[in-house]
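Chains as they are written, first to last, in the working numbering: chain A, 1 to 357; chain B, 1 to 357.
Keep in mind that the hints were calculated from the coordinates and are not lab data. Treat the hints with care, as some may be off.
Note that the list lumps identical chains together, so a pair holds whenever it fits in one copy or between two copies.
Subject to a maximum C-alpha distance of 20 Å in a straight line, what follows is the list of computed EDC-like cross-link-like pairs (lysine to aspartate or glutamate) [claimed, not checked]:
(1) K221 <-> E206
(2) K349 <-> E285
(3) K274 <-> D222
(4) K221 <-> E93
(5) K214 <-> E93
Note that the structure is a prediction, hence the values are computed from the model and not measured.
There are 2 protein chains.
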Amino acid sequence: MLNFAVGPVQSPDSIRSIGAEQVPYFRTPEFSKMMLENEELMRKFSRAPKDSRATFITGSGTAAMEAAVMNCFTASDHVLIVNGGSFGQRFVEICRIHDVPFTEVRVDNGKMLTEEMLAPFDGLGYSGFLVNVHETSTGVYYDIEMISRFCKRRGIFLVVDAISSFLADPFDMATLDVSVMITGSQKALACPPGVSVIVMAPKGVERVNNINVKSMYFNLKDALKNGERGQTPFTPAVGILRQINARLKEIDEGGGVEGEITRIGELARDFRAKIRGMPLEIVSESLSNALTPLHPLNASAFDVFTCLKNEYGIWVCPNGGDLRDEVFRVGHIGALKKTDNTQLVNAMKDMQARGLL
Amino acid sequence: MLNFAVGPVQSPDSIRSIGAEQVPYFRTPEFSKMMLENEELMRKFSRAPKDSRATFITGSGTAAMEAAVMNCFTASDHVLIVNGGSFGQRFVEICRIHDVPFTEVRVDNGKMLTEEMLAPFDGLGYSGFLVNVHETSTGVYYDIEMISRFCKRRGIFLVVDAISSFLADPFDMATLDVSVMITGSQKALACPPGVSVIVMAPKGVERVNNINVKSMYFNLKDALKNGERGQTPFTPAVGILRQINARLKEIDEGGGVEGEITRIGELARDFRAKIRGMPLEIVSESLSNALTPLHPLNASAFDVFTCLKNEYGIWVCPNGGDLRDEVFRVGHIGALKKTDNTQLVNAMKDMQARGLL
Numbered sequence: 001m002l003n004f005a006v007g008p009v010q011s012p013d014s015i016r017s018i019g020a021e022q023v024p025y026f027r028t029p030e031f032s033k034m035m036l037e038n039e040e041l042m043r044k045f046s047r048a049p050k051d052s053r054a055t056f057i058t059g060s061g062t063a064a065m066e067a068a069v070m071n072c073f074t075a076s077d078h079v080l081i082v083n084g085g086s087f088g089q090r091f092v093e094i095c096r097i098h099d100v101p102f103t104e105v106r107v108d109n110g111k112m113l114t115e116e117m118l119a120p121f122d123g124l125g126y127s128g129f130l131v132n133v134h135e136t137s138t139g140v141y142y143d144i145e146m147i148s149r150f151c152k153r154r155g156i157f158l159v160v161d162a163i164s165s166f167l168a169d170p171f172d173m174a175t176l177d178v179s180v181m182i183t184g185s186q187k188a189l190a191c192p193p194g195v196s197v198i199v200m201a202p203k204g205v206e207r208v209n210n211i212n213v214k215s216m217y218f219n220l221k222d223a224l225k226n227g228e229r230g231q232t233p234f235t236p237a238v239g240i241l242r243q244i245n246a247r248l249k250e251i252d253e254g255g256g257v258e259g260e261i262t263r264i265g266e267l268a269r270d271f272r273a274k275i276r277g278m279p280l281e282i283v284s285e286s287l288s289n290a291l292t293p294l295h296p297l298n299a300s301a302f303d304v305f306t307c308l309k310n311e312y313g314i315w316v317c318p319n320g321g322d323l324r325d326e327v328f329r330v331g332h333i334g335a336l337k338k339t340d341n342t343q344l345v346n347a348m349k350d351m352q353a354r355g356l357l
Numbered sequence: 001m002l003n004f005a006v007g008p009v010q011s012p013d014s015i016r017s018i019g020a021e022q023v024p025y026f027r028t029p030e031f032s033k034m035m036l037e038n039e040e041l042m043r044k045f046s047r048a049p050k051d052s053r054a055t056f057i058t059g060s061g062t063a064a065m066e067a068a069v070m071n072c073f074t075a076s077d078h079v080l081i082v083n084g085g086s087f088g089q090r091f092v093e094i095c096r097i098h099d100v101p102f103t104e105v106r107v108d109n110g111k112m113l114t115e116e117m118l119a120p121f122d123g124l125g126y127s128g129f130l131v132n133v134h135e136t137s138t139g140v141y142y143d144i145e146m147i148s149r150f151c152k153r154r155g156i157f158l159v160v161d162a163i164s165s166f167l168a169d170p171f172d173m174a175t176l177d178v179s180v181m182i183t184g185s186q187k188a189l190a191c192p193p194g195v196s197v198i199v200m201a202p203k204g205v206e207r208v209n210n211i212n213v214k215s216m217y218f219n220l221k222d223a224l225k226n227g228e229r230g231q232t233p234f235t236p237a238v239g240i241l242r243q244i245n246a247r248l249k250e251i252d253e254g255g256g257v258e259g260e261i262t263r264i265g266e267l268a269r270d271f272r273a274k275i276r277g278m279p280l281e282i283v284s285e286s287l288s289n290a291l292t293p294l295h296p297l298n299a300s301a302f303d304v305f306t307c308l309k310n311e312y313g314i315w316v317c318p319n320g321g322d323l324r325d326e327v328f329r330v331g332h333i334g335a336l337k338k339t340d341n342t343q344l345v346n347a348m349k350d351m352q353a354r355g356l357l
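Next comes chain A alone, as it looks inside the complex (with noise of 0.2 Å):
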């Protein structure tokens, strides 16, 4: 199968052949020098300031978003959420089920989020700012510039999921003053799915030291400690934290974080150069590299992902809920090329010569 989806995504040879290798025992030197590296480097690739932290959590993205703002806000905050697709909806419930008071700028499926629907919150007192940069559900690339200064202006508490961003879009934690980003293995770091990542600037680190969270599993804290010599409190996904260091050293010798954002974003504009003149839409006003969101113009969104998969071997992403039929996503993160795009077009330009596209 060609996987085209938004995670798991596809793996370079390198890191699935250290899949097959067996697990190491991990309470040694050995695995808190590697440990070590991997926060090293998800700092430098974060372009995080310094005496930043980052730490890995066994778990989902969900569990990253989860952990963030339950170890940065409490009850004394206000929180503004950027609530554009099913990932801000997500941040929504995660500080209704922990009681954080929120408001929700609520953007639509597709559109921008612009200076002008921000204004209106400006100055009301927010604490804190939680955001996907890259709504993933939608395809919707966030303006982090014009976010990073609304918040600045404020001194507000900045959080950013980037998920489906880090590796594939330009992100500078120090510039644009974030307090915490979050991202995922399984995304543009290319890895089997199993590990979040939480990098802390000084403030963030601040803060979760600060706060007393109710939680074992998600106490950053205990995290952060753990972390200075390398090691974490509960038995990690060891694998996947050795199919990480692979995968970031290669990064590192390889052009670093902009050579890694510099190939997906030829991927994706050849891709979307490639699909010029067919029956599909883009459906969103500014762009991510790492996916690009389709509406197919004569055919069911889902249709289409489910004939690709079962008639062509190829995984596009489909939509749930009311974007089931409307909208399926190409992803261009992960072990893919130009080559595979090539063959993704002429799979659905068969299906349009059959009348299913």
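Given the structure of chain A, go ahead and fit chain B onto it with the hints provided.
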């Protein structure tokens, strides 16, 4: 390296090779079918009663322990916790964090839990009972039949952490009237770490469905609902779940759970026979087949661990805290053979000749 740790353990080649495959996209009927098989085989192997359910959490065993407590108990409960080591202590801390009233039954390191020790707690209105059937930190296997009788007498809701005991020791959820059972991917399941499993008898399912848990990631009600169609609420560790699937089927086709228990039991007996006469004391009154806890009479336990690792290419399992220099543990779970036992025993005999044991 030859691995006698108690997790991650050695995986069979058939399971390792799956780790090298591309991880498939998972919002598909194919993945759902596999997950329903996983659930069915987990129910079968834990001998769960009719209408039981099983759910798979991407996280460590501690994640499942915390999820079980959060989803089964509230401030209206009063639970009895067997605390005979660091995993019993973990249940204590989880209940403290989540405001679940509890009483500890303290058991000294290496000691059995007896009927006499439980008697003073009988008839005092406890609504729940938490036990690590195999206290992995000290290698004590508690008398689960005696515990079961104690709970049955008063209708106490019994939660059993069988993380390191499942598939290594006999366990019959239905007969024992266990409401919730927990295990992990990296113990006798012999898969990489990253997934934990919670099996719920109908009484467990009922509690979970009636408690309003303050968590998104650990909302078992949501997990059970998604599980009905073989799905998970969030992106799971798809690769590990595929390995679990292959392993469960291998066990099913190769002698079932009895065959696996017999095999591990024989390995344990073989090892224990081979170390007779050596300066090693077995420090548990009641052993699980899963591991042998050893006190070296003439050396620091941690030094033995380090020497075996660095000079013989063998991992045993060190202890932390007070037991660091007192006890190390030798596991019998995972892809081990009697010849591996011989290799470890020969290494220790060599150390003895060198004055290091």
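Hint by hint, here is what the structure shows:
1. K221 <-> E206: within (10 Å within a copy, 34 Å between copies)
2. K349 <-> E285: neither (25 Å within a copy, 70 Å between copies)
3. K274 <-> D222: neither (49 Å within a copy, 41 Å between copies)
4. K221 <-> E93: So K221 and E93 pass the 20 Å test across copies only (16 Å; inside, 23 Å).
5. K214 <-> E93: So K214 and E93 pass the 20 Å test inside a copy (17 Å) and across (11 Å) alike.
Checked against the numbered hints given earlier, this structure breaks hints 2, 3; the rest are met.
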